[in-house]
Every structure is written in C-alpha cells, then in structure tokens.
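**Q** Sequence:
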Amino acid sequence: MGERFVVVPVDAGVGVAVEGEYSDGVVSDPAPDPGGGGSRSSGGTVEGKEAGEDSVFDPQDPNAVVPILEYNREPNKYGDGVPKENSPFINNTDNDKGNSYDGTNMALFEEEMDSNPMVSSLLNKLANYTNLTQGAQEHEEADDDEGPKKKAVKSPQMGTFMGVYLPCLQNILGVILFLRLTWIVGTAGILESLAIVCLCCSCTMLTAISMSAIATNGVVPAGGSYYMISRSLGPEFGGAVGLCFYLGTTFAGSMYILGTIEILLTYIVPKAAIFVAEKKEDEVEALLNNMRVYGTCCLALMSIVVFVGVKYVNKLALVFLACVILSILSIYAGVIKTIFEPPDFPVCMLGNRTLQNHNFDSCLKTEVIDNLTVTTKLWQLFCKGPELNATCNDYFDNNNLTLMQGIPGLKSRVISDNMWSEYGPIGMKVESNKLDSDPVGDTSQDIYMPYVVNDIATFFTLLVGIYFPSVTGIMAGSNRSGDLRDAQKSIPIGTILAIATTSFIYVTCVVLFGACIEGVLLRDKFGDSVKGNLVIGTLSWPSPWVIVIGSFFSCCGAGLQSLTGAPRLLQAIARDGIVPFLQVFGHGKANGEPTWALLLTAGICEIGILIASLDAVAPILSMFFLMCYLFVNLACALQTLLRTPNWRPRFKYYHWALSFLGMSLCLSLMFICSWYYAIVAMVIASCIYKYIEYRGAEKEWGDGIRGLSLNAARFALIRLEEAPPHTKNWRPQVLVLLNVDSDQGVKHPRLLSLTTQLKAGKGLTIVGNVLEGTYLTKDAEAKKAEQNIKSAMSAERTKGFCHVVVSSNLRDGFSHLIQSAGLGGMKHNTVLMAWPGTWRQSNDPQSWKNFIETVRETTAAHHALLVAKNVDSFPTNQDRLGEGTIDVWWVVHDGGMLMLLPFLLRQHKVWRKCKMRIFTVAQMDDNSIQMKKDLQMFLYHLRLDAEVEVVEMHDNDISAFTYEKTLVMEQRSQMLKQMQLSRTEREREIQSITDESRSSIRRKNQDATQSTDLSRQSSQMEDTQEDEAQLIHDRNTASHAAINDKADTGPERVHMTWTKDKLFTERNRNREMNANVAVRDLFNMKPEWESLNQSNVRRMHTAVKMNEMVVNKSQGAHLVLLNMPGPPKNRGGDENYMEFLEVLLEGLNRVLLVRGGGREVITIYS
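Quick note: the sequence shown, position 1087, residue 1093 per our numbering, numbers continuous.
Think of the hints as simulated: they come from the structure by calculation, not from any bench.
Simulated DEER-style distance windows between Cβ atoms: (1) Gln847 - Glu953: 37 to 45 Å; (2) Ala306 - Phe807: 50 to 58 Å; (3) Ala306 - Gln589: 21 to 29 Å.
Each residue gets a CB set at the ideal place from its N, CA and C atoms; glycine is no exception.
Using the sequences and the accompanying hints, generate a full structural model.
**A** Printed below as a string of structure tokens:
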C-alpha cells in the first residue's frame, strides 16, 4: 500500500507539544536539540527535523524504524485466557485516563478524547508496539527482569536471509533427502520421481503463496500457521487444524529421531546394536527393536535438552544448518568428480541378482592361493561347506558372479536404464536388467541367501507419502515473524525463495542420481551391496563420511527443533482457551517454558518411535501437514472471494484460483499417500471441530467462516424474498412477546419453554420485549433486559434472536415489533403471547386494551396468533408428560394451524406420549356421522394420527344465567366508565353488583327456558350487516368460506365447518318457526333485560355453551387448543370481548387460543 503518514505539528502558542502527548515515546537522542526548534516531549525528542518540517515514515527507507506491534499475553487478563492485542486504537483508554487534555486548538473534540485518541497519540503508541515471540524466556532474562529496572526491548533486526530463507531451508532439507531419495529414484524411476517431486513442491509453492497473502495481511504473532488459520477460519477450524499441525510436528520429531538412530546403527556404529538376529528372517524385527530402544533413549535425552534450555538449541541451529549445506555441496562436488574419476564402489552380482556385501571380500566362487584352488567366503554362504564338492544352492551353481561398478558416472549413460520404475512386493530381489540369469525352479531357500531384497512392498502412492515430509517446513519463516525487521516483506520473499531453492535441489538430485548411480545400487535402501555404506555417501566428495556425519547432525537438529516448536504450538492453542481439556498445557515454568506441553509432546513422539519404521511414520505426518496446508489455502481463497474490507495483503501475487488449486492438490495428495490415513486424520479433525463447537469457548476473531455465513445468509435472504413460501415449506416463525418486571427479569419463562417445544418445525424465533420511555434514558435498562432474556433463552434452550424495543408507550412498541421484526424472507408469521390474567384487577385499562390492539394488529398483518392462558402451568423442557391427550376444538377453519400445532408439540419429548383428539361442533341439521367419516378421511390424507369426535350443539334457549351474566357485564362496564372510584371502592361496588345478580338468578331459574326466542326476535330488528358470527367466525377466514361456498352446490352436502350462508339460512328458519313464541315471551321478560344489547347476549350464550362442552370433554386434557374469536370491530365493546373470552376459558387449566393467519399452513399433497 502506498500511503505515507505525515505528522503535522500543531502550534499550541508556546512552541512545545502538549505534555503527555508523547509520554511513551522512545528516546532516540537524550541530548537537547541544539537548534532549539525541535518538538520536545516529556519522554524523548524528535531527531533530525527542523521546526515545521513534516515527520514522515517511509517504508522504503532502510534506516527507518518500522512501527512494531506489541501483544499482551498475560493469561486471563481479559477473562477468557485469550491473548489479545493491546490495541492503541479506539476505545482503549486504560493508559490515557490520567492524561487530561488542556489544549485549546482541539477543544471541539475534547469530549471525545476518552474514546477516540488523537492521531499523534495513536502514532506514538504504534511506534512502541512490539511483537515478542512465543518462545520461552530464559532463566537469565527472567532473573534480570525482576530487578528494579527492566531491560529495554530490542527491536527485531533479522532480515529475509537470516530470518526466513535459512530457517526454511534447514526445515525443508533433511532426513528424506539423505536416507530415502536415492531409493525413491531407483524404485520409481527418474520420470515418476520427477512427477512426485513436482507434485509435492507445487503443493508447497501454492500453499506458500496463500500463506504469504495471509501473513502480510496484518501482523502474525507467534503461533504461525495456527494463528493464521484460526483467525481466518474461526476457532473450530483453527483448533482442529492447529492440533493436527501439532500432531504433524510431533510425529516429525519421531521421524527425525528414527532417522538419527538409523544413521547411527546402520552406518556409524553397526556393532552397537543390542538385538542381533540369529536367523536371517529375524533381521528386520531385530532392527526395529534396536530402533525402539535407542529411539526412546534419544527422545529422553533431547527432551531433557529442550527442558533445560531452548537457548542451546537455537545456538546450535546454525551448526546443524551448516551440516546440511556442506552435505549438499559434497553431493554436487561428487557428481562433478564422477565425470573425470568415478569412485570405486563395486557391486557383486550373482546372475542378475544383487548380493549383500557384508561377510565377503572378493566377488568370486573360488580363488587360487599358492597354486591351490580354494573356496571363498561367498562360497560358504551358498554351500553347505567350504569343500569344492559341497552341495550348493542351485542358482549359485548355474549362474556366474559379476562385479558391476556401482557409480559409473555421468558419462556412462546409465540414465536411460533408470528412467522407468521397478516396483515390487516385499521380499522381491533387486535385479539388474543388463545381466543374464539362469533361473531355477526351487526358490524356497532364497530367503536364507544374502540377496538384496525389498523390505517393504513398493508402489507409487507409498513413495509419495514417504517423500512428502521432505518438502514440509515452509512455515518456519512465519513462525519467526516476531524476530523479523519487516515481516510483511521478508516472509513471502524468503519462503518462496527457499521453496524454489529446495525444489531445484530435489529436481537436480533426482536427475543426477539417476544419471550417476547404477539402478541396483539406487534400489539398495541400506547400502548392503556396498559394504553398508550410505548410498548417497558413495557419491559424495571427498568422503562418504561427510554425508553420514552431516545427515546425522541434521537429523539431530531437526528433532530438537520439533521438540522445541511443538510444545509451544500446543501452549498457544491452550492459552487461546478454545479447547477446554487442553487448559493445563497452557501453563509452564516461571520463564514460560511449556513443561506440561513438552511432556505430552514426548509421549506422543514415543508412539511414533514405537512404530520404529521411518517408512511407516512418514505418511502419518504427511497427512497432518497436508491437512494444515489445505486449510491455509482454503483460508486465503475464502478471504479473497468474500472480499472482506480487512483483506488487504501487501503480497499481491495471489489469486483465489491458485489457492483452490493448492487446496485440491493437498486433498488429492492426502488420498494418494494413504486413503485410510487420510480418513483417520479427517475423523480426528472433525471430532476436534465438533468438540470445540459444542464445548469450546465462544470466540469472535473476525474469521472468514463468519464472513462466509454472512454472505450465505444475505444470499438466502435475497432468495427467500423472491416469492412467499409454499404451504409445504410453511413452519411457525414465532415472535414471542415477552414481558419483564421492574428489574428487567423475565415474567413468563414458560413461554420460552413452549416456544422450544414448538421448534420441531425448525423455524425462526424472535423474542421481543418493549420498554416504555425513550432510548436515551432507557439504554442501560434495555441492555440489561436483553441480557436477561438471552440468559432465559439459554436456560430454556430456545435458539433464536432477542429484540428489545424502547418506545414512548407499550402499544406502539408492540406494533413496531409486529411490523418490523425479522429481515426479508426471514420474518415471523406467528405471534405468541401470554393471556393477561390480571386484567380485571388492573387499575390501568391499557393492560387489556394493549392486548386487544395486539390481536387486531396480528390480524391486519395476516399473522397467526397463539395466546397461552395459565402459561406458568405449562410444562418445562425437563418435564415428561405421561399418558394424556392434546385436545383440539376445531370450530372454524383457520388454515390448519390447529392441526399442525399438536403435531409439532408431539415431536418434542415433553409431549411425545400424548395422544391427539380433535373435536368439531355440529348443529342440529348436520349429519354428524358423515362429518366424522369425512374428518377421519381428511386426517388420513394429512398423515395425522388423532381420535375424532363430533360434538352436537343443540339449539337450546338462552338461559336466564346467560342474561344475568350479560347484565352484570354491561352494568360493570358502564359503572367503570362513569365512576372514578378508588381501587378498593371499585372492588366493593363490583362485589355488591355480583351478589345482587346471583340472588336475581336464583329467583328466576324457573323461567329460564322462556328466554331464547327474545334474542331471535330482537336480532330481526338489528342491522343485517352486523357480523353476528364474530365469536365463531373471523373475517380473515373469508377466503376459506368462499371456497366452501363454491363447494356447497348440493342441498345434501355435509358441511365440515360453518359458512355464512348456512348460518343465515339456519337463523331465518328458526326465526319463522318461533316468531309467535318470541312475541309472546316479550311480555314475560324482566324489565332489566329489555335494555341489554342482544348481540352481547348471543355472544355470551355461545361462550357459555362452548365452555360447557369443552369443560365436559377436555377438562382432564394436558392441553386444549381452541379457535380464538376475533375482537369486535366497534372498539367500544373491547371490555365485553375480554369477558367473553374469560367465560369461554373458565374452568380450563392449560389453554392455547389459536387464530390463523389467513393462509393454508398444512396440505394433503406431497
């Protein structure tokens, strides 16, 4: 990025900067400015600038001091044990609370100084920001820090070459190059070997490009690849891949230790072996046991060295690197020497078979000594005695011995013979195609003969797995980012140059080995045919011991580095706090040494040593490294495609297609190397991922997965907005209207339990609450209420969103929630609220008026409405209801909500044992039997299991009780409107009215049967346009009624629900039949009944009759679902509406009133 930051001094009137503005500055020159014109601070001076001259930081200036970032890594300082940036940016005022601003030039901003620092203060802090490495602090340094004056932190000075290039070179070149590359070339041939090298090097090069982009997108603290992946892909992926990378690094330690022991026992001191095979077939097992014993001892020794002081490991790193470089140079020198004078390493061949040259000196069957023909040591290996007439092996008798030069040199044209592969099973003899052979039939004794054979079965994919560890180590530069002078410049250049260099070395070595060394010697893994010499050592100059000693120390150094780096990686993961069971490994010695992590690392490393085979351990660590590289590429591709605003890498030579190619290559290599190891590694990573997801700490690192979720959510919301959901996709998206008390505590947490139990539909949940007041004054209370609601949601396991609104009044607040909650296609379609049980006792009529207005608003918004009465008696999520029923009273068709809700409830374990019963109401003229059959068939097509019962509602007369109930209701309503009584007086007045009405009811019980015709006579005089069926039919179901009207063509059609036409027909017929009786009953009415609103009387009659039926049938049910009648259009009757509902629900425990949203929510179609 090409920005240049210019610091312009502000003239404060006195010629000096404000005190405290640069209080933390670094002293660059303690002497006063001789010119007197420099801007001086309390802690330092600005050197080399004249007054008024701009202070510029130029990134291209080699002498400029780069602003370094400091990370505070005190565990648990922030409460979660996460190392967090001690950011100098906004809202970090801990260090500035004592610095008051007294200037006048910036007075306009003085009130914001607490949260928004001045640019000068910000840049000053950036200049002192330092990034310390994750490495352990040494004992000496810890002791020094305890003194009264701490040592000043030195700014890092390492450049690209020393800080990135050489460490990467040392980590990449290692054991596989020296011990296995010649064998890979001989087995796979030059062409396939080049394919293996190019495949693996391409993988690491693409990964390095992605890593460079991530590493230059801000500061990468210690932790290297783990930090990059976790901050790019989130804690779940970061923890899973971080632990895989840790396991890979640990097994790499095992591989290096096994390589060290193999060099020691095979090439340096073979006689040091503890286990010696008595039989030839036991040699492999004896070698493995020796590897286990010596490997364990070597691991213990290295662990002690790391524990005592990592300082010595770091100091020896250059020595180990020098060994590697000298060894490689000796190889190239040896290749050049073969042009003029090839080294003398003859290979003894019997026929076309290669012989192990350990126990004989001359490649002869017999030799002449003092004119006597005597047998050689080789004769005795194939014959039963030294005599010339002894019985010998048939193949030995039939074939001649030949001496073949093992290293014919570059001019020999042996390259053409080594082009192609020579794969084979275990025990296959290493043979030459140049020589003739006379085969024999019996090969049973060949295993006892001194032939060079394959110790393992060989094939292409196996060699890929064995070779891949030789290209790992590309993270060495990013792991040292804290020691670099300019990490964002050094990491890409150093890493890519190191990979290019090592790729060149590997490619040239493959070609040169194939061009200089005979094929049979290349396939001789342990150099048995050249007296146990290291094969690559036979090529080196001036001596094979250069390679042997160099590779030995190289493996030792790599093992020590692995044992040093792996515990610190585990410590970084543990201190992040994302994996709870790893917390103990975040602790260590007083100087930060990860003691417990070192013990675990040594234990896991011992597992690899017990495997004892370098060829078996290499594919294991290949899996873990490949998985790590895969996610580095994924992180880069994801960030690039998401185009997050913070994605601004300084390294520009990357592309998402390259990252995807690298990711695909890593995945392919995993399954090429070993498909079963790949599956095991993925299972391990998946288990860690799910564990962190469910048990790990919540972290917000601004990772790419969260960005991907945001993009996916945006895309899905836009798609959902295109069209309304089909009936088959309908599910309750619930807006829960929750109330809180004066302390912002949740009043009815069982509403949340009910919501959770309804969530078998997997729909959206929004929990809303309204606080009365203004947002500026109620901000703190709103946050507290939101926190309390979220805690209650967590306790009730309600997954959803919380939305607290502050409004001038509750009425408007609930209206805003119903209108605006949700986003796009993810808006609620159902409102759940509690019945206001104390509306009668409330002094404020707004309590029940708000409820009715909310009902009206949900109706206008075409939302379904669920009202839970006695919600505090509903079961919790921990309850398990026994055998019982969920009763549905289906009075009007509301789109199927009444059918769907019991099904959803029964999916939850609380209601699972409950049976579903459906009751529907039939009038006198309905065919109840046919209705039941039709309803059962309807439920069958809906795939719902339920008992069906048709309840007949007889056309009874309106009882005196109903009249008196209506009278009491209207008198009470009038009194409350006209009289402004105190609460106690109002209750006393209501009680007296109630007592009087009860005595009146007792006097008139004998005339109860004569009252029903009056209502019908009166209704004839009312406006025919009034909606008389308001209690049992709602305007919102007009569409369903219209459908039923169209279907109602035949006079004998059985109706499943009421329609308006049927209602009016039935009413008119009854009016004609009872006209005379109604006129006669007018003279028998009591005077106080004459003034009653006959519409209210009819509604009360329906409520009383419905209540009688529901109580009679469903009083013992676990839950009753009932159609909720709509409120009256005339708002003057709102209080009467509440009375009707009270009468309707009287005597029932758990009731859920349901109003449909005006659309079908359940269908018989698939």
